[in-house]
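Trainee: Take a look at the letters that make up each chain.
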Amino acid sequence: MGEARTQFFTTPATAGNSSSLSPGSISETADYGLYLAPFFLNTHLPSAHGSSSCLSIIMSIRSPHSCRAFIRHIVCRTRTNGLSPIPNFGSIAQFTIPAISGLSILTKCGLLCIFVSGSMLVHYHIHTHGSHKYSSHCLVFTGAIATTDKNKQVLDKLQVERERGITVKAQTASLFYKYQGQTYLLNLIDTPGHVDFSYEVSRSISACQGVLLIVDANQGIQAQTVANFYLAFEAQLTIIPVINKIDLKNADPERVEKQIEKVFDIPTEECIRISAKLGTNVEQVLQEVVKRLPPPTFKKEDPFKALVFDSNFDHYRGVVANIALFGGYLSKGDRIISAYLGKSYEVNELGLLRPDEHPTDRLYAGQVGYVIAGMKEVKEAQIGDTLYHQKHLVEAFPGFKPAKAMVFAGMYPMDQSDYSALRSAVEKLTLNDSSVTVQRDSSLALGAGWRLGFLGLLHMEVFNQRLEQEYNASVIVTAPTVPYKAILSSAKLIKEHGKEEITIVNPAQFPDRSVVKEYLEPMVMGTIITPDDYIGKIMSICLNRRAVQKNMVYIDDHRVMMKYLFPLNEIVVDFYDLLKSMSSGYASFDYEDAGYQAAHVIKMDILLNGKPVEELTTIVHKDRAYSAGKAMCERLQDAIPRQMFEIAVQAAIGSKVIARETIKAYKKNVLAKCYGGDITRKMKLLKKQAEGKKKMRYVGTVQVPKDAFINVLKRKDK
Amino acid sequence: RCSYCNNKCSYCNFNKYIPRSDNQDVMLECLQRETETLLKLSQVSRITSVFFGGGTPSLARPSTIAAVLQTVTRHAGLSEEAEVTLEVNPTPVGSSKLEDFLHAGVNRFSIGVQVRLRVLGRDHNSQHALQTVAEARRLCPGRVSVDVMFGRPGQSVASWELELDELLSVCDDHVSLYQLTLERGTQLFRQVQKGQLSVPSDDITAVMYDSARRILQKRGYLQYEVSNFARNGAISQHNMSYWKASQYLGVGPGAHGRFVPRGEGDVCREARTQTLEPDVWLREVQQRSHGTRRRIPLTHLGLLEEVLVMGLRLIDGITHQHWQLFSPRADLYQILSSSSEVQDLQQTGLLILDDRGLRCSWQGLALLDSMLPTLLLLLEAYITQGLDNNSDSLQL
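Quick mapping for you: the protein sequence lines, in order, are chains A and B. Numbering-wise, this note's numbering comes out as the position in the first sequence, counting from 1, plus 2. Numbering-wise, this note's numbering comes out as the position in the second sequence, counting from 1, plus 39.
Simulated from the structure, these hints should not be mistaken for lab results. Quantities reported herein were computed from a predicted structural model and do not represent experimental measurements. Errors might be hidden in some of the hints.
[What the hints assert, rightly or not] Taking lysine to aspartate or glutamate pairs in the EDC-like style, the calculated list, with each CA pair at most 20 angstroms apart, reads:
(1) A:K695 / B:E380
(2) A:K378 / A:D336
(3) A:K686 / B:D408
[Said to hold, decoys possible] Here are the simulated distance ranges between beta carbons:
(4) A:T664 / B:R229: 33 to 43 angstroms
(5) B:R322 / A:F647: 47 to 57 angstroms
(6) A:N671 / B:D394: 34 to 44 angstroms
(7) A:F647 / B:Q326: 26 to 36 angstroms
(8) A:A667 / B:D394: 44 to 54 angstroms
(9) A:L687 / B:S135: 33 to 43 angstroms
(10) A:L687 / B:A420: 42 to 52 angstroms
(11) B:K257 / A:L687: 52 to 62 angstroms
(12) A:A450 / B:A420: 50 to 60 angstroms
(13) A:N671 / B:S84: 46 to 56 angstroms
(14) B:T387 / A:E429: 46 to 56 angstroms
(15) B:T220 / A:K696: 49 to 59 angstroms
(16) A:K697 / B:D64: 28 to 38 angstroms
(17) B:N146 / A:L687: 45 to 55 angstroms
Glycine residues also receive a C-beta, built at the ideal position from the N, C-alpha and C atoms.
Please construct the entire structure, taking both the sequences and the accompanying hints into account.
Mentor: Written out as structure tokens, the structure is:
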């Protein structure tokens, strides 16, 4: 390592500035997963100074599988045809100065966003194919990653990422690519690709000039592909469609090309057919990137300006912010300011990511790297924020907004004695994920806990999974709810809240109809792509979910793309599972925020022998109240054990009961024999029951075991 | 209590010990030795009842029973009117030996009768059972108890009522009413788990229990405990001592006892268990004169809990006088009457707390196990909060 940390490239003197890159050990990166999505690329541009140019790709990697093969293949090619100016990148020991001394860095760089799409990210069940392998392949091709069997997924570090094949935390890697005598520095940024994280993605895209739209040759366009396409399209980026997995038996790239032409209006001849696994045409992709993307316009002479596209928390060093430089340069010791909070920091360390950190003295416009500047919390380095020099104020990047929670759920420790351990686990996780909102909450049944806000369902699942896997925490998660809004009519309440429109996260705080002008519920625009055999069934479930059809087109002979406006509440729990099961797994679904819409929502109480159960209060649409109430009563009937008296389980709106189930009283529970030899066992059993009774939640005289609440409140297992 | 059985019933998870003829003498010697040891340890002066049970002790030789009783008489007084019960399995062999048992000193028989038991794998049929009951009644008129069991696979309420009616026409003055319980590890449990057999649901067995109680009452059998009924005052004195939390010694493999080992200078009652495995028990008795495997001193609270749990099984419940024997300072009113839960139970007519004491109503007796956790928590709270400080109170 020590040796390897030597400076390994400098810009020619004509560039006026020296830049140093110190590679760390990259053979250690074996276990990362790569997942590609936006791919930023500093495109080839004849240098104003007439020197050789460098291409910097920032690749956003999203799907764990396909990148690897792609990268590995590139490396193999590099070795055989001598494309690479850096011989044998496989190990850092050989990553030496002479091999790269001819490189220079362009001060003007463009960014390429490579989008992974298709099969990879579909709602919260993620099936990844394609894109990961692709970007891994890129990395290997240019030599940044050792080609060992271990580097299955190069950039996905978290267990949850590898298991689900998604990227939760962005990862970044810089690499080199030589084309027609020019060497390009490619920076790959791996950002999350799911719609939950579309804000992060859109931030990354805003800094790019192109994307690779990767579509599975077997599955064709998926709902996710469409969503990602539009993100890139709206940002006016160059889009290069790539059809991956052409090696598969059922691959039908022609059909997929036609779908792309039909849906995205991209001529079929612009598509590149590849097999990331075999490496087929992988190199062509890099060539096309260099050829097709417009030149970047950043100048190192401009004032320093950088976009924060990710941040991580390191216990020893504090916040490590990943940044893309859009102007000027940044040196160690500089004082910088974050635009959102206006705080000033001194740069302690900075460098490139390959994908391991390689400290350098400076970062230049067009480069991507990391910076450590004494930030204590990730909230100080929010995604989308702008960094600039203390001395030189710049205009912040547009579109920055703090994370907005769309789905809320209660989270409680399985056992109250684990509360503090869980609290510290939640704190640690939120250190790395500033988009989770945390509010303390307590439930009579489940004890002290939190109400957490997430960007979406996947985000919530990932958070829970990380909590369980990385912190070994055992938690109860309640069914997710969505934030409603109410336009108040009562002058008193408006004064109290200081505004007319309030957001309601906790059903217990739902204001009464009498003080409200109008309730609003969050809406999403859902995209469903399905074989046409399932249209009828799908339309009927959408109708049941109060969805309104907005559009329906055939994307090929028997595949249909439908757009529906859904109330978010209707899809948060089980919609995706239902869609998948009724279409034998063929339908894909994705959604995007579509604002709020007036809705006739009401508060529904659950009563046990006439006494309301606070933690089961829910907000439902008027038309869905009956079925929701009935379902809740049925689940409770199953979950509450019979008692000495009859229990009425009711769902009520105001004073009107809309559903009822009865738990009959039992008539006998005495063990029919008890003599001398039975006493010890009997006493033990009774003492255990008495202990259990202490943990019961009483609603009036009804004993409700905690399990019953868990069964009713928690999300159904999939 | 001895463990003898010549078969393994599919519903039984008892300590099974199939005797071999060659070790009967050793068994006798050990039973005598342990009886002697424990009698001395307890320093008891008079034994009021003896119960030979656990499995089928009628497989033992009558001379064994006689010898054990002699040992009791030699080391403590065995009163003239002492109840000496023998559990009998209704086999042809068993019934022929009953007279010998009578001469050996047994004066009460408890018979595990069950007709139509084929499904449960017992080796006797109803004919043998009826013969055994008749023989026992001839020998000990008015002192024969018959076990009846409901909730068997395939049983309906109607068939149960019919069966009980038939049984009662041959029964003597005492009936023990049991519900078949599925015990883990039994063949029956596995068969029900696998769905090969199905037992009546809780709702059905509740009706069976209720109808049995009514039928028995109509036939003159008064219920005196959750599962025991007697005509002409023929209640079991021995079993009564369990429900009244009296002291008792347990002799033989797997036997349980509760007594104050005064011979060691103790004043605290202990819950004692003898070694379960007969071979090991034999060896232990031979080596150190007893096979006591576990001794757990009962705390003041622990003893009161047993008084409460066992006492409420009796139809007469726990009288204030009886409670005072164990808890001179904290009476039942102090402990229970301020609780809203107890008040609820009283209002719904399940529990009665009055000048006589604490007891279940007719309806409440069937729900006793649901009320006990509440009562135990109240008792625990009262005692541990130091509201009662007679922890050095009298322990019988």
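Trainee: 28 to 38 angstroms was suggested as the range; check whether the CB atoms of K697 (chain A) and D64 (chain B) agree with it.
Mentor: Cβ of K697 (chain A) to Cβ of D64 (chain B): about 55 angstroms, so the range 28 to 38 angstroms is violated.
Trainee: Hint says 44 to 54 angstroms; check whether the CB-CB distance for A667 (chain A) and D394 (chain B) agrees.
Mentor: At roughly 30 angstroms between Cβ atoms, D394 (chain B) and A667 (chain A) fall outside 44 to 54 angstroms, so the hint is violated.
Trainee: For the pair F647 (chain A) and Q326 (chain B), does the Cβ-Cβ distance stay inside 26 to 36 angstroms?
Mentor: 56 angstroms Cβ-Cβ, so the 26 to 36 angstroms window is violated.
Trainee: Does the Cβ pair N146 (chain B), L687 (chain A) satisfy 45 to 55 angstroms?
Mentor: 34 angstroms, violated
Trainee: Should the hint that K257 (chain B) and L687 (chain A) are 52 to 62 angstroms apart at their CB atoms be regarded as holding?
Mentor: 33 angstroms, violated
Trainee: Should the hint that L687 (chain A) and A420 (chain B) are 42 to 52 angstroms apart at their CB atoms be regarded as holding?
Mentor: Hint violated: Cβ distance 20 angstroms, outside 42 to 52 angstroms.
Trainee: Could you check the hint for me, namely that A450 (chain A) and A420 (chain B) are 50 to 60 angstroms apart, CB to CB?
Mentor: At 24 angstroms between Cβs, range violated.
Trainee: Measuring from beta carbon to beta carbon, are L687 (chain A) and S135 (chain B) in 33 to 43 angstroms?
Mentor: 40 angstroms, holds
Trainee: Quick one: are T387 (chain B) and E429 (chain A) within 46 to 56 angstroms, going by C-beta?
Mentor: Distance hint for T387 (chain B), E429 (chain A) holds at roughly 48 angstroms.
Trainee: Is K695 (chain A) close enough to E380 (chain B), meaning Cα to Cα at most 20 angstroms?
Mentor: 12 angstroms, holds
Trainee: CA of K686 (chain A) to CA of D408 (chain B), is that 20 angstroms or under?
Mentor: 13 angstroms, holds
Trainee: Taking the CB of N671 (chain A) and the CB of S84 (chain B), does the distance hold inside 46 to 56 angstroms?
Mentor: 41 angstroms, violated
In summary, the numbered hints that this structure violates are 6, 7, 8, 10, 11, 12, 13, 15, 16 and 17.
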